[in-house]
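Student: So the chains spell out like this:
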Amino acid sequence: MASKALYSRDPVLKKRDDFEDILEERRNSSDLRYAFKCYTPVLYKGLVPCKPAMLKNVVLQSDSLQHVIRQVSAESGESAEMVQEEAAAILDEMAHRQQLSTVRFFAFTLSKAFKSLFRSVCVNEEGIQRLQQAIHEHPVVLLPSHRSYMDFLMMSYLLYTYDLTLPVIAAGMDFMSMKFVGEMLRMSGAFFIRRSFGGDKLYWAVFSEYVKTILRNGYSPIEFFLEGTRSRTSKSLTPKTGLLNIVMEPFLKGEVFDVSLVPVSISYERILEEALYARELLGVPKPKESTSGLLKARKIFSDDYGSMHIYFGQPVSVRSLAQGRINRSQYNLVPRHIPKRPSSDAQSLVTDAAYQLVRRQEENMVLKPWVLIATFLMQNLEGVELSLLVEQTVWLRDLVRSFGAFLDWPDHMSSMRVVSNSLSLHSNLVSACDGQVRLLVAGGQGCESPEEQLFEQAVSALSCASYRNQLLHVLLRPALLAAAMHSAASPRKDEVYSCFCFLRDVFSNEFILCPGEAVQDFDEACYLLMKCGAVQMSQQGVMPTESGRATLHFLCATLEPFLQAYQVVCRYLCEEANDNLTEKQFIPAVRTFAVKLHLAGSLRCYEALSSDLQKNALAALQRLNAVKKVKTADQVVLKVNKLAVNSLEDTLGGKIPTQKPVLARL
Amino acid sequence: MASNSKSSERQRTAQQRLRIIAGHLRKPEEAYHTEIAAQECKAESSRTNPEKPNSVPKRRQEIMKWNGWGYSDSRFLFNKKGQAEFTGKRYRLSGMIMPSLKDWFEGTFGANLQHKSPAAPALGAGVVPPPNLNEAFVEELKATGIPFSQDADDRVFRGHGHCLHEIFALREGHFGRCPDMVVWPNCHNDVVKIVELACKHNVCLMPYGGGTSVSSALECPPEETRSIVSLDTSQMNRILWIDEKNLTAHVEAGIIGQDLERLLNESGYCTGHEPDSMEFSSLGGWVATRASGMKKNIYGNIEDLVVHIKMVTPRGVIEKSCQGPRMSTGPDVHHFILGSEGTLGVVTEVTMKIRPIPEYQKYGSVVFPNFQAGVACLREVAKQRCAPASIRLMDNEQFKFGHALKPQVSSIFTSFLDGLKKFYITKFKGFDQDQLCVATLLFEGDREKVLQHEKQVYDIAAKFGGLAAGEDNGQRGYMLTFVIAYLRDLGMEYYVIGESFETSVPWDRVLDLCRNVKERIVRECKEKGVQFPPLSTCRVTQTYDAGACVYFYFAFNYRGLSDPLNVYLGVEHAAREEILANGGSLSHHHGVGKLRKEWMQETVSNVGLGMLRSVKEYVDPDNIFGNRNLL
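Quick note, the sequences are listed as chains A and B, same order.
Heads up: the first sequence runs through residues 1 to 666, numbered per my numbering.
Heads up: the second sequence runs through residues 667 to 1297, numbered per my numbering.
So here's chain A without its partners, still in its complex pose (with noise of 0.2 Å):
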């Protein structure tokens, strides 16, 4: 019920807003003029005025955290008094300062630093409206997508630009580690949280209280992503449901009348980061965020990033969302202060909806011309004529519109010139030479070892994947049926459906994939194929059309290096992998095992180096319970179950279609 208040499934119904470039003001007016402008953001109708220090004060005497430290005290006989200040230390570490002068320090320098690296930043003002009106009405959790350090700062930015409340933003402790620029996040609005605390219940404790606090308050927007950490591969990530949990918690529980979600959607035509991801994701430790880190980053400011687009999605109701789906007055026989695990109710409404923010997210991200170059590029990693690429282009950026894609494409240039842009723009990663286009290798004249060199392809491979990922969003559940009608023994839509579902299920922490959506995932794709008039439902079932071939052999090919890097994971286990293998060893294994298929020649597809694919595959593997984790003294220990990752092998192969049909309701 509440996915369909949420999403609509018919793209043509999809309507977007406009964009408006805020650097165009920027460059024809002063940015100190503008860093000291008049600010005065319209407030939460419900606001209790309350400065930082009042609110860690409010946050400490609560009755939920003193509960928890007085039950903290008893388990460990620690005195009340101790356990209240270790509390204290707690919130110190973790709260936002949040200061004007800081935001308009902000508001000046990264005035200059988006003007030298942006072309454009692009922002839908009638996003900035609904937000304004939903700040008014209700708290509000900002919930933007997350690729690039970038975005957190972007946003602060925008919401000081058009005289919005400023949000507190939930950030990792890693920025903590960054001398002085921690703590000009901290007074810009930044708080701090541990990446893992699973079992401290004073820290959660403390931690759920200030969030619930603020949030009850109406003190200002809390913005946090939802997918936990940046993506590095440009898909979105599972959706983290703790947070969402807890600024869910206050309306279920009465304390506040509505909750306001609004996801966002930042794109970049370039990422910042994209070298450094790839290589983050070839087993190059991530840099340790750090201020000369930092000062070493400033080279980036000489290049060209195009321009990057912000999206405030539609605000959603968590009142309308639990509408139907859960029984408030189960809150009602507990104090409210007393910690309870969520009901199995709570957590999948919880779950659901993280599910459906995130492909709001999605379904309102920009996509350059770039992106459907790049589509190409991977499936011709030895290179295409250029005409025939922008012929190419051009039939795709035709199917991904009729599938609802949120394509920015220039209607008044020619293909040509679109294509040869966006070309030159990421010419980093490809040549153009001779009409001849091919990814560059960087580096690669010989003189290294063939595993460098292997490297050095990969990493230009990857980064153009990360563009290519960007669309997969869209051409998905397409994908998904036409791969399931590949391999599906006869075109009956039953089997169809059930190698769907398969398919559906082993890529469920890959991509975005809601949890007991297999039926509408599955009419949507058969929708969108028979509206592009690649497949007909006849009698016999589902049927590709004469002239929807070249459609089904291309979304094929897109899911392709997917089920090939699955494959070779498989193959790993199945071959290699000894009972001993532990949790830390299982990617730079898998690693290794990828190159030597590579260096021999028997595998081309450069996904299956990706340790994001690696860890994904292993989730797959182990919610399809054919490899175990067990946990020993010091380590995690890998259970292979190899009848069952052989017999998936197999399947993903696409050899023997081993499901019975489900019978399902079609």
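None of these hints come from the bench; they were simulated from the model.
Quantities reported herein were computed from a predicted structural model and do not represent experimental measurements.
The beta carbon of each residue, even a glycine, is placed where N, CA and C say it ideally should be.
Be careful, since some hints might not be right.
If you anchor each label on the Cβ, the simulated ranges turn out as follows [said to hold, decoys possible]:
1. B:E1046 to A:T632: 53 to 59 Å
2. A:N327 to B:G1276: 16 to 22 Å
3. A:M54 to B:K1095: 22 to 28 Å
4. A:P515 to B:P1287: 48 to 54 Å
5. A:N327 to B:E1137: 44 to 50 Å
6. A:N327 to B:P1287: 33 to 39 Å
7. A:N327 to B:P997: 28 to 34 Å
8. A:Y34 to B:G776: 38 to 44 Å
9. A:M54 to B:L913: 51 to 57 Å
10. B:T1269 to A:D200: 38 to 44 Å
11. A:P515 to B:G776: 45 to 51 Å
12. A:S344 to B:T1269: 19 to 25 Å
13. A:D200 to B:M1266: 40 to 46 Å
14. A:R401 to B:D1229: 42 to 48 Å
Calculated Cβ distances over 12 Å to all of chain B for the following chain A residues [to be verified]:
15. C38
16. L60
17. D174
18. F192
19. K240
20. S307
21. S490
Straight-line alpha carbon distances no greater than 30 Å define the calculated DSS-like cross-link-like pairs of lysine-lysine that follow [as the list claims (entries may be wrong)]:
22. A:K45 to B:K1095
23. A:K15 to B:K1194
24. B:K1192 to A:K45
25. B:K1066 to B:K1028
26. B:K1088 to B:K747
27. B:K1093 to A:K51
28. A:K45 to B:K1194
29. B:K1088 to A:K45
30. A:K340 to B:K1049
31. A:K286 to A:K299
32. A:K15 to B:K1192
Chain B: place on chain A using the hints.
Tutor: This is chain B only, laid out in the frame that chain A set:
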């Protein structure tokens, strides 16, 4: 009986007491000087006694409105000058002009005096469907000599309570199923005979007391095919005896609140049970719905006040064998009766606690900067267990509402004083006019203690930023509750419909519940296409150790809606859902009736509902008491 001097003193206090009740109720009238009928029921003799102290005649339509609240002679109207006035002579407000009501009314609802929505004209014969009589029953009833009627007027009058949808339908001239006849038993034995006959002839009985139900309890179930007989208890209205040693009185259950209080006052006593409907509601009705009175802090709610109950059921008469103040004899059978809403039988006689009339009574009020502070203060008062006889906290909207009812001031001096007060509070003390709220207080007891008590409460209030705001404000606050139903009738003349509802809720959820329910009402109205912002207001009306009772008013202008009644019902339903979701109860004192029974199972659990059902099945297997309330 007490000595002469003592009794004359009593007389005096009784007079004073009467004046006080009249103060917030009605103008002093000539008191009746009738002996208390302390005899056994002698049906014939009393039936011929024309001087009974009875405020409600058998033919209620003689003095009361058939399609609105209260007495026919008392109503609000906008006079030719566009000023609001209250007609009649019965109330303190009667004959007065309220200059600011029009502006408030138009401003709050977007209503306009030019746009009227008049009621359908008087009841004509032929509009009401003919009665479905059980001839054998009627014949045998005739033989008993118990009076009855099949007049359309009488029947219509007893086919409804005072829910908005019931009154709205009457004003539109719509009549659903009505009782087919009305009987007026005169005493317990009459009731026994009627119930026996009803069982014998399989006739459906629906007890009727004061007719003030707001739970659809009096609506005839449309699916009922048997003849429905309304059993009107209004003629069973005597105090049978007073026991001054134990401070109890034995009273027939049909007596209405104001009569009971007046008669007891004459002997120097009171029950102290004052529900807002006490002008019209009956003792039996209080028992059957678990009523609550505004002064429960001193006297207790109805379940605390009753010592003994006699009820006639199809299985026979249920009563306890003694009047012990408390018993450990299994579950208290009184609690099957209290709140049974006429589904098990007819309450005929009740022994009730009585108290000497308090020596001194004083109103008071406190202004708070905002509702939160007010609730915090009430919570503290409850914690220290020093609540006055009544303490209520009105929110800002209701405070303004109360102000709109201020009668024309007689002198420039008072208006100057009012201005000064307002200046002090808003400018000097910095209270925001759109935030402040007011608590009204009523103290009772001996003079010294009242003054002491008053100081204690004001001291607590001061800690929460409260400022004493005078007796007048307090008194006007209580008046609002007595005239609100008359005001609703006024609203209905101008496209404004509204209703009140209540709940009880733990202290820690009071603020959240109030905010969320009020907001839900506003939102639902908007979503359902109401063109004007609604009035959505609440007050905390009772304090308990563990929580409070909250009362909501909501009303909106329905111009431009094709089906206002369904919109209204939808909003009310949503508001109740919101209450339940926020930890409020299904009802604090209005009862369940048919309006709220869909939530009973959720409220008392399956097993609980099964328990109640099994009692019903045992006591009334043929569903003679077939009003289908509660279960």
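Student: For every hint, state whether the structure bears it out.
Tutor: So, going through the hints one by one against the coordinates:
no. : hint                          : result
1   : B:E1046 to A:T632: 53 to 59 Å : 58 Å, holds
2   : A:N327 to B:G1276: 16 to 22 Å : 21 Å, holds
3   : A:M54 to B:K1095: 22 to 28 Å  : 23 Å, holds
4   : A:P515 to B:P1287: 48 to 54 Å : 52 Å, holds
5   : A:N327 to B:E1137: 44 to 50 Å : 46 Å, holds
6   : A:N327 to B:P1287: 33 to 39 Å : 35 Å, holds
7   : A:N327 to B:P997: 28 to 34 Å  : 29 Å, holds
8   : A:Y34 to B:G776: 38 to 44 Å   : 43 Å, holds
9   : A:M54 to B:L913: 51 to 57 Å   : 54 Å, holds
10  : B:T1269 to A:D200: 38 to 44 Å : 40 Å, holds
11  : A:P515 to B:G776: 45 to 51 Å  : 48 Å, holds
12  : A:S344 to B:T1269: 19 to 25 Å : 23 Å, holds
13  : A:D200 to B:M1266: 40 to 46 Å : 45 Å, holds
14  : A:R401 to B:D1229: 42 to 48 Å : 44 Å, holds
15  : C38                           : 25 Å, holds
16  : L60                           : 19 Å, holds
17  : D174                          : 37 Å, holds
18  : F192                          : 30 Å, holds
19  : K240                          : 27 Å, holds
20  : S307                          : 39 Å, holds
21  : S490                          : 49 Å, holds
22  : A:K45 to B:K1095              : 23 Å, holds
23  : A:K15 to B:K1194              : 25 Å, holds
24  : B:K1192 to A:K45              : 18 Å, holds
25  : B:K1066 to B:K1028            : 23 Å, holds
26  : B:K1088 to B:K747             : 27 Å, holds
27  : B:K1093 to A:K51              : 26 Å, holds
28  : A:K45 to B:K1194              : 23 Å, holds
29  : B:K1088 to A:K45              : 25 Å, holds
30  : A:K340 to B:K1049             : 27 Å, holds
31  : A:K286 to A:K299              : 18 Å, holds
32  : A:K15 to B:K1192              : 25 Å, holds
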